[in-house]
Amino acid sequence: MQNKSNQGGGTVGDWINDRLPYRQFVEDQLTGYYAPKNFNFWYFFGSLALLVLVIQIVTGIFLTMSYKPSADGAFASVEYIMRDVEWGWLIRYMHSTGASMFFLVVYLHMFRGLMYGSYKKPRELLWIFGMLIYVVLMAEAFFGYLLPWGQMSYWGAQVIISLFSVLPGIGEPLAIWIRGDYLISDVTLNRFFALHVVALPLVLIGLIFFHLVALRQTGSNNPDGIEIKENKGPDGKPVDGIPFHPYYTVKDIVGVGVFLALFFAIVFFAPTFLDLFLKPANFIPADPLQTPEYVPPVWYFTPFYAILAAIPDQVGGVIAMGLAILVLFAMPWIDRHPVKSIRYRSFLYKALLMSFAFGFIVLGYLGLKPATTLYNELALRFTEFYFMFFIISWVYSEPRSRNYYYGAFAIVVALIAVIDLVRDMAGISWIALLVMIAVTAFFLLLPAHTRLNESKPVPERLTS
Amino acid sequence: MSNGVDNNRRHFLTVATSVVGGIGVAAMAAPFLASLRPSARARLAGAPVEVDVSKMDEGERITLSWRGRPIHVVRRGEDAIERLGEIRDRLRDPDSDSSDQPEYAKNEYRSLKPEYLVMVAVCTHLGCSPSFHPDPADPAMGSDWPGGYFCACHGSRFDLAGRVYRGVPAPTNMDIPPHRFVDDNTLIVGEDAEVA
Amino acid sequence: MMRTIRKLSLSALVLVIAAGSGAVIADEDAVREWRPSAANNDVTNLASLQRGARYYMNYCLGCHSLEYKRYQRIADDLELPEDLALENLAFTGDELADMVKIAMPPEDAEDWFGMAAPDLTLVSRSRGPDWIYNFLHSFYIDDRTVAGTNNRMLDNAAMPHVLWSLQGLQKAHYDEEGSFVGFETVREGRMSHEEYDRTVRDIVNFLDYVGEPIQTDRKRIGFWVLAFIGVFTFLSYLLYKDYWRDVK
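Protein chains in written order, with my numbering: chain A, 1 to 464; chain B, 1001 to 1196; chain C, 2001 to 2248.
If you're looking for bench data, these hints aren't it; they were derived computationally from the structure.
Quick caveat, the model's predicted, so the values are computed rather than measured.
Please note: incorrect hints may appear among the correct ones.
What the hints assert, rightly or not - Coverage of chain A stretches by chain C, computed from C-beta distances (three or more under 8 Å per stretch; other residues unrestricted):
id, region
1, 182-189
2, 242-250
3, 255-268
What the hints assert, rightly or not - Straight-line Cα separation of at most 25 Å, SDA-like style, residue types lysine to any residue; simulated pairs:
id, chain 1, residue 1, chain 2, residue 2
4, A, Lys-369, A, Asp-420
5, C, Lys-2101, A, Glu-79
6, C, Lys-2219, B, Thr-1014
7, C, Lys-2241, B, Thr-1014
8, A, Lys-456, A, Pro-338
9, A, Lys-456, A, Phe-111
Cβ coordinates follow ideal geometry from the N, Cα and C atoms, glycine included.
All chains, full assembly: derive it from the sequences and hints.
What follows is the structure in structure tokens.
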């Protein structure tokens, strides 16, 4: 690409480029940005997350034009949007569906990172910014969920804010400070509105900017987990890289098409999505005097909610829930195994990660259901497994001696046993305890005696 | 890199995808822009308004709101109606050719019945609401004032049919809304009269 | 005629029901088994919606408002001419532009029923059409309640059986273990079971429509949107395949 310098004459493009170097920008960010050529299905979700962000911002702006953030007017104004505003129903359904799709896309994006080791050196900060985005997104969704001012909005917010009140000493004043009142009221709704439509979107956009800057610095990881920058051709470009534009722009557009088909299928044909995206009780105006029979959070919070509910101690539950999110931030320092991609990790690590994903989904399901003895037991065990994943990942980070595995096994079993000692054991708990010990043995004793934890050799070049 | 690449096909597909994508974006923009139009609530708030004019004296004015805009109903006396014909040459658009009114009000009185003026009392210059000076002897309005409207914002003058004077900023006469009489005493603003 | 029934005072209704229950003679053969079932209503059925709207205005609107719903929208969507709609749906004094409100002050409702009757604009979204359908089928005589009736779907329902003159009155039957078996009609209504079933389905259908007036249009539009996205995705796929022939 030659650098046209033009003194006088030239096109309008030249005139602009002399003052605003957009060509350099396109060159740096798109045509000259080399991405690994082997991106698969899992690599669509980054660009799709950006798309959903745009959908949420645009629909959100238009909703704000008709929404009334007051306890008296909020519920009615949402129905006003649904009924009286032309196409208001479409904009509202796009926003409510968009919220759920945002989390779906982000969860898949995060799982991609876990599978291919995208959090590992040199991408630790990239991962941390991603996690910050995730946490802010949860806050954004939480604040937004209060705005329709239905029963679920009200009592969902009530439950979550009450979590803060368990903090010793400062808890209750903190909860009152968050609400700005002694119960959730007009004041709370107003500040949540401000946070939802102004403050957090700004924070989110800022974090996404840093996430992208960090990505451009290190370059994308890929399903083989091989750094393409380490294998450059004579022209100085990675041999296994291709320009992001046009190759990945045209590919991402296909992803956008498929995604939009799914998105609008939900918007037009199942906007409540089996009562998961819009809950029936939220079509009843908020009533501070009457709690609905069961107040499950929206599906994207339920894995963590299940962890909260699984711990038979109020403070312990809140700590476990917070820890479950925070521990993900530390992932780059927990799993330090030199092989990035799951393709070349051991059989046992594959089993571990898949079990973790499965457990996360089960926790999500359990969080939607009213508690029963069986569900409580399952929630507790899958919570234990959730945390076990990180311990075992850490153990797997480097070759360990046989005794090391024995020791790790003993410690994990002891931790599980301690939890069981401080609670009431039902009949089923004993069976579950045995299963947990068997699972621990599977992951921590097999490596000591078999070759199931050996990685495969990583190839020099990308495979496909 | 371009070995064996059919550039025509690639060009065609690029254009086709861009065009279809562009249509999609435009189609998506349409409902968003349409959502900014008056909602069903606003449109139905523009329902016709009924006025009882039986108790109005000559020179009296009733102000009401239709579609959120101030509507003046003025009962003009015999001499006021007469004066409307005398000031033609002082007006910018005496025949209301470039002004906004229903066909049946495109006359000297700019109304269905000469006696009653029904008008959107909003100055056509920049939207102020002009004040009502029906009295020809009003000292504030000068010696040859036949009665009419004066807009304090930028000094526009109108006669008692809402017709604008020459040499003032307002470009056209004030708007006349659709109106009809159910009977002699009942006026409906917001519905057109059936004129043969 | 129907208006009169709506205005029938509540105490009189309870008296009638009590009289009915006095005349109950248990006849095990007459017990119809009953369990909740699907409403199977069809919101695209205009005739059913129109009937449902009329039933609603006559039997339900005495107590239950539809405060987010305009008469005008009902008239438009149900293809009722405006004058007919004004006459058949809206009470005297209501304009088509108005929301479907009730005349009864909430305090009166609280005096009579112990609670204000809930607004039903969104009941089909919070409870679901099936629930309403089963609710309207399962009133039975119960002397222990103020209203004189109880309901299988909502225990101790404050609402009396407003449609009793249509359905008649029924008594709940239980087996030896005390679990519910079915109903026995102890007083015939003006309608047969099939007619009453259709009436209830019409009301449910109307409420389903009121809960989300756009639902029929939304699916129709959705079809075209998805077809368009299909074309776009197909084209972009061809473009992608074309470009990626470069990539070895």
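Evaluated hints:
1. 182-189: Answer violated; 0 residues pass the 8 Å Cβ test.
2. 242-250: Per the Cβ count (4), the hint holds.
3. 255-268: holds (count 9)
4. A:Lys-369 to A:Asp-420: It holds: about 23 Å lies between the C-alpha atoms, which stays within 25 Å.
5. C:Lys-2101 to A:Glu-79: 15 Å, holds
6. C:Lys-2219 to B:Thr-1014: 31 Å, violated
7. C:Lys-2241 to B:Thr-1014: 12 Å, holds
8. A:Lys-456 to A:Pro-338: Within the cut-off at roughly 12 Å; holds.
9. A:Lys-456 to A:Phe-111: 21 Å, holds
Of the numbered hints stated above, those contradicted by the structure are hints 1 and 6, listed in ascending order.
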